[in-house]
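Participant: Sequence order for the protein chains is U and E.
Residue numbers for the first sequence follow the working numbering, beginning at 425 and rising by one.
Residue numbers for the second sequence follow the working numbering, beginning at 352 and rising by one.
Read the hints as simulated data drawn from the structure, not as lab findings.
Being a predicted model, the structure only gives us computed values, none of them experimental.
Please note: incorrect hints may appear among the correct ones.
Stated by the list, open to error - Pairwise CB distance ranges (calculated): (1) U/Pro464 with E/Pro359: 31 to 41 angstroms; (2) U/Pro537 with E/Asp407: 45 to 55 angstroms; (3) U/Glu427 with E/Ala433: 19 to 29 angstroms; (4) E/Thr371 with U/His536: 39 to 49 angstroms.
In this text, a Cβ means the ideal position worked out from N, Cα and C, and glycines have one as well.
Residues per chain are reported as follows:
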Amino acid sequence: KQEVTQIPAALSVPEGENLVLNCSFTDSAIYNLQWFRQDPGKGLTSLLLIQSSQREQTSGRLNASLDKSSGRSTLYIAASQPGDSATYLCAVRGGTSYGKLTFGQGTILTVHP
Amino acid sequence: NAGVTQTPKFQVLKTGQSMTLQCAQDMNHEYMSWYRQDPGMGLRLIHYSVGAGITDQGEVPNGYNVSRSTTEDFPLRLLSAAPSQTSVYFCASSATTGAFYGYTFGSGTRLTVV
Numbered sequence: 425k426q427e428v429t430q431i432p433a434a435l436s437v438p439e440g441e442n443l444v445l446n447c448s449f450t451d452s453a454i455y456n457l458q459w460f461r462q463d464p465g466k467g468l469t470s471l472l473l474i475q476s477s478q479r480e481q482t483s484g485r486l487n488a489s490l491d492k493s494s495g496r497s498t499l500y501i502a503a504s505q506p507g508d509s510a511t512y513l514c515a516v517r518g519g520t521s522y523g524k525l526t527f528g529q530g531t532i533l534t535v536h537p
Numbered sequence: 352n353a354g355v356t357q358t359p360k361f362q363v364l365k366t367g368q369s370m371t372l373q374c375a376q377d378m379n380h381e382y383m384s385w386y387r388q389d390p391g392m393g394l395r396l397i398h399y400s401v402g403a404g405i406t407d408q409g410e411v412p413n414g415y416n417v418s419r420s421t422t423e424d425f426p427l428r429l430l431s432a433a434p435s436q437t438s439v440y441f442c443a444s445s446a447t448t449g450a451f452y453g454y455t456f457g458s459g460t461r462l463t464v465v
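Make a model of the complete structure from these sequences and hints.
Facilitator: Below is the structure:
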């Protein structure tokens, strides 16, 4: 059974810092990995999707990497802003395009002005 | 706007009542699924469907029924609500062919069972 772990569980940083969120998974036979953002009381917003054949994806100040063989992904946020405060969720999709999504518990990020 | 639409956004039920949570998507996605989100438990898969007429159980299916008569709709039925079903429910869909295989989530239904 796939298990996804996110470290740290919570992170508090001052505005402007660069930061890294970590995600690890136990079964490397994944189809893709997706990072989501969730604001309090809201739904999930997709940030980045990395297919299993890719090493990284970038969107603005966000960069996600994937090392499938070691079962790890990182989400790098450059020049953090208070508006980045949210819960960040990592999810891996099982080995086919019909695979189920397994989530980590999330990292709660707070960026202080 | 293209996406996943869930209704209602909020609902309070009494124990033993039944109800249906609606989910519709307009992206022609084959794959649809229902998750529940609980504090300390994360997001857990309830049921999923890989196409019209095909459904299967996820991690926590007890107390819930689903059907998929069209590609667009995937309703979740609570048969006899229990306080343990108090949760936030999310519907999600995904393509299974084409360029983007990521999941798109609805905005959620917050359900309280008293």
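Participant: Run every hint past the structure and note whether it holds.
Facilitator: We went through each hint and held it up to the structure:
no., hint, verdict
1, U/Pro464 with E/Pro359: 31 to 41 angstroms, "violated (20 angstroms)"
2, U/Pro537 with E/Asp407: 45 to 55 angstroms, "holds (47 angstroms)"
3, U/Glu427 with E/Ala433: 19 to 29 angstroms, "holds (27 angstroms)"
4, E/Thr371 with U/His536: 39 to 49 angstroms, "holds (43 angstroms)"
Hint violations for this structure: number 1 only, all remaining hints satisfied.
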